[in-house]
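Residue numbers (the numbering used here), protein chains in the order written: chain H, 11 to 385; chain A, 6 to 406.
Everything labelled a hint here was simulated from the structure, so no lab data went into it. Note that the coordinates shown come from a computational prediction; the quantities given were computed from them, not determined experimentally. Each hint should be verified, as a subset may be incorrect.
Derived, one-sided and incomplete: chain A residues facing chain H with beta-carbon distance under 7 Å [unchecked claim]:
#1 297
#2 298
#3 308
#4 327
#5 330
#6 333
#7 396
Below are the SDA-like pairs computed for lysine to any residue, each with C-alpha atoms no more than 25 Å apart in a straight line [what the hints assert, rightly or not]:
#8 214(A) - 366(A)
#9 318(A) - 243(H)
#10 404(A) - 214(A)
#11 27(H) - 318(A)
#12 243(H) - 380(H)
#13 27(H) - 315(A)
#14 302(A) - 27(H)
Ideal Cβ placement from N, Cα and C applies to all residues, glycine included.
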Amino acid sequence: MSQPKDFGFNEDISMLKETFAKFLTEKQPINTLRPSLEGTEDPYHGATRAGFFDKDTWQQMIQLGWHAVAVPEEQGGIGMGLVAATALAEEIGRFALPTPLSTTLQACFLLRELKSAGADQLLSQIATGESVGLAIYGQQGSLNTDSTDVMHDAGTLTGTSWYVTDAQKLDHFIVAANSDNGIGLFKVSANQPGVTLEPDRIVDLTRDQACLVFSGAQAETLCEPGHGEPGLKAALPALLTLIAADIAGAAEWQLQATADYAKVRQQFDRPIGFFQAVKHPIVDIMIQTDATRSLVYNAACAFDFDRDDASRCAHLAKSSASDTASLASQCSTQLHGGIGFTWEADIQVYHKRQIHSEFMFGDGNWQRAKLAELI
Amino acid sequence: MSETRLNNEQQEFQEFCRRWLGENRPGPTKTPLPQAAYEVVDEEHRIYLSEWQAKCYQAGLIATDLPKEYGGHGHTGLQQIASAEVHRAKVPYFINWIGLGMTVPTLLAHGTEDQKKTFLPPIFTAEHIWCQGFSEPGAGSDLASLQTSAEKQGDHWVINGSKVWTSLGHFAQWMLLLARDDKHNKYGGITYFLAPMADPGITVKPIHKMTGESGFNEVFLDQVKIGDHLRVDEIGAGWKVAMSTLTSERGAGVGVGAVAGESPRLVMQQVINLAKDTIRNGKSVWDDPIWRDRLMKMYERTEAAIQNARRTKVKAINGGAMRIPLQSKVSGSEISQELHHLALGVLGLSSSLYTRDTHAADDGKWALGYMNTYTGTISGGSSEIQRNILGERVLGMPKTK
Ligand SMILES: Cc1cc2nc3c(=O)[nH]c(=O)nc-3n(C[C@H](O)[C@H](O)[C@H](O)COP(=O)(O)OP(=O)(O)OC[C@H]3O[C@@H](n4cnc5c(N)ncnc54)[C@H](O)[C@@H]3O)c2cc1C
Chain H
11 MSQPKDFGFN EDISMLKETF AKFLTEKQPI NTLRPSLEGT EDPYHGATRA
61 GFFDKDTWQQ MIQLGWHAVA VPEEQGGIGM GLVAATALAE EIGRFALPTP
111 LSTTLQACFL LRELKSAGAD QLLSQIATGE SVGLAIYGQQ GSLNTDSTDV
161 MHDAGTLTGT SWYVTDAQKL DHFIVAANSD NGIGLFKVSA NQPGVTLEPD
211 RIVDLTRDQA CLVFSGAQAE TLCEPGHGEP GLKAALPALL TLIAADIAGA
261 AEWQLQATAD YAKVRQQFDR PIGFFQAVKH PIVDIMIQTD ATRSLVYNAA
311 CAFDFDRDDA SRCAHLAKSS ASDTASLASQ CSTQLHGGIG FTWEADIQVY
361 HKRQIHSEFM FGDGNWQRAK LAELI
Chain A
6 MSETRLNNEQ QEFQEFCRRW LGENRPGPTK TPLPQAAYEV VDEEHRIYLS
56 EWQAKCYQAG LIATDLPKEY GGHGHTGLQQ IASAEVHRAK VPYFINWIGL
106 GMTVPTLLAH GTEDQKKTFL PPIFTAEHIW CQGFSEPGAG SDLASLQTSA
156 EKQGDHWVIN GSKVWTSLGH FAQWMLLLAR DDKHNKYGGI TYFLAPMADP
206 GITVKPIHKM TGESGFNEVF LDQVKIGDHL RVDEIGAGWK VAMSTLTSER
256 GAGVGVGAVA GESPRLVMQQ VINLAKDTIR NGKSVWDDPI WRDRLMKMYE
306 RTEAAIQNAR RTKVKAINGG AMRIPLQSKV SGSEISQELH HLALGVLGLS
356 SSLYTRDTHA ADDGKWALGY MNTYTGTISG GSSEIQRNIL GERVLGMPKT
406 K
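Bound conformation, chain H alone (with noise of 0.2 Å):
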């Protein structure tokens, strides 16, 4: 199997990336975001986020169709690949978008390696609209896809999902949950009775996260005991390029946003960007910030072109991608000054997403160690 020269980005796939980025640049996301941050809903202060994301904006991203882009044809969506999942992944990194979006199409490429009945019916429901995101942490967060706390019995479920990200946003989730036979994937609706859902104090102000708390819930089997591994292994290197693609999107936003200050910023009778010390540091940012968007690219064309090198660009492009979110970051932060460590620079909202990002679906040195197995 051989990759396109282009990565696989078509004329078809720009304009998705170029509409996207047009809709979200009216839309002002970080600006709609603004009013939820205020007074008491600060986490410090003890207060939980609700799940803020935009109803309107999402209604109508489902209009024009984005929310189906990886749902295949035949369950009623547009059935184009990751390199399209991706390029709208990187623009929702960029405007920091609260949205349902992200872990929707994490389930989409999971569901899609399933090939069950059942996964297929949650896609056909994605295609008309719900929302859907993966419950497949244990308490210790481990990535090992054995990780989970929660068991399956004759058809219910019962212990805890941690750390689901967005759990307030979504309709349903795919949970990871163990039995006698092995892991297998099952489906819970958010409103169902035995579901019980119970918000983190997080750092991120763009996402939310909860526990998942299960009481004898009924569940749908996706994929049965014993295949869920497999299953989660497969759908693998399309989850972690989509968050690396996602934290390429934000590196480019903090790149822009401090090389701006350094432009505007006038110490010592200039423009703090004409002091190398201030200078180099943001070229930094931008070097590793294309390697990363780079390997992102490549690891999306991988997976649809060139499935047996997909783990391997994945490893390399999440391993590149949380190294930089911790660079842009820090520099960022730093090179803005006291400014950046305010609660009313935007700064900060991407600093945290970032940082939340960074060990999602596992950290630089866990894709390494990977990556290290495979070569």
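Once you have looked at the hints, place chain A with the ligand on chain H.
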């Protein structure tokens, strides 16, 4: 390892290159070749490498995409394949790297028809070796402070001054020369010439490198006479032309043939193998998770450089035409340096053993190679200067000067 798709013509040409390089690999030299063309000083090596370059040119691996009237082979879209295959085949490097990498692109952009027709063909065959006379004792990073003077006398120019760090000056027939025609105009008072090294007013003295090798020189110019037809572009346009030469030197221009030796991907693989083969405290360095993490971090950076090069050509996602190309020199040279330093760490104390020491791993090539990576981070505009350029030209921050 994934590969990208080629069209039919490219595929056929790739097969041809592979076959040809397989069948025509030159035999060994009597004494070992230096690691790169920067350090070639032996006459035996010069002849061997010049013959090899000429042969590759005749086979179509050099000047592949250039027009026939300038000695090229007149193809399109095949040079990058030839260059990639040359890298891959681990064959000797091309000695005329300055001619191929700098003179050719500079003359294509700024030369007269006559200059292109006269000077390009002997560059491809390595009959004319070129050197670059830009730097001076007082003009390094601040290249435009150069003082070598050019005075117009009738239909020719008289040059006086001195150049330094002139790589291949000891072999060269021709020099890309920057000289000052106007003392009162720093950037607008520089003119660009093609200088014949055979002129009796030119003296070349070797300088030794920290590695113990040589390869660069001091060049003294005393009443050197240059015809006006050897001027490139307008009088006073030298700075603009020099910038175009430097863009090519930094790898951001259009190539006409592979010049460097081993690709970073190959060196990376060698370092991984070295880690697997090096046993310390009863286990291989590769089995140490800390070392493995460092090696994989480096592997990630070499792969990113490859994907960056690929992305340059995809307009929708390259972030602008020059954003990635202007990074390639600083990224490439720093990756190479850290990669070699990593190899020294893998070897531990045995990295102290230098070339010709019978116990040295790989004949001391890691220590030698490590030192020579500073060529990349210093010459052709240092890494610091590259960061200035990126900050200013790509990100629009105020000029440092
Ligand atoms: C192996 C080798 C081969 C070479 N071959 C050639 C050749 O063939 N032809 C030729 O013309 N030249 C050649 N050079 C010269 C090379 O281009 C110069 O060495 C280089 O431009 C740096 O100049 P310099 O040595 O005078 O250092 P300096 O300019 O004195 O720099 C010293 C240090 O200060 C830093 N510095 C200087 N100015 C700034 C600034 N504005 N901002 C931040 N940092 C700054 C530099 O980055 C460097 O770290 C070669 C050099 C080497 C090492």
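Each hint tested on the structure:
no.: 1; hint: 297; result: holds, 5 Å
no.: 2; hint: 298; result: holds, 5 Å
no.: 3; hint: 308; result: holds, 6 Å
no.: 4; hint: 327; result: violated, 12 Å
no.: 5; hint: 330; result: violated, 11 Å
no.: 6; hint: 333; result: violated, 10 Å
no.: 7; hint: 396; result: holds, 4 Å
no.: 8; hint: 214(A) - 366(A); result: holds, 22 Å
no.: 9; hint: 318(A) - 243(H); result: violated, 33 Å
no.: 10; hint: 404(A) - 214(A); result: violated, 33 Å
no.: 11; hint: 27(H) - 318(A); result: holds, 18 Å
no.: 12; hint: 243(H) - 380(H); result: holds, 12 Å
no.: 13; hint: 27(H) - 315(A); result: holds, 19 Å
no.: 14; hint: 302(A) - 27(H); result: violated, 30 Å
Checked against the numbered hints above, the structure violates hints 4, 5, 6, 9, 10 and 14; every other hint is satisfied.
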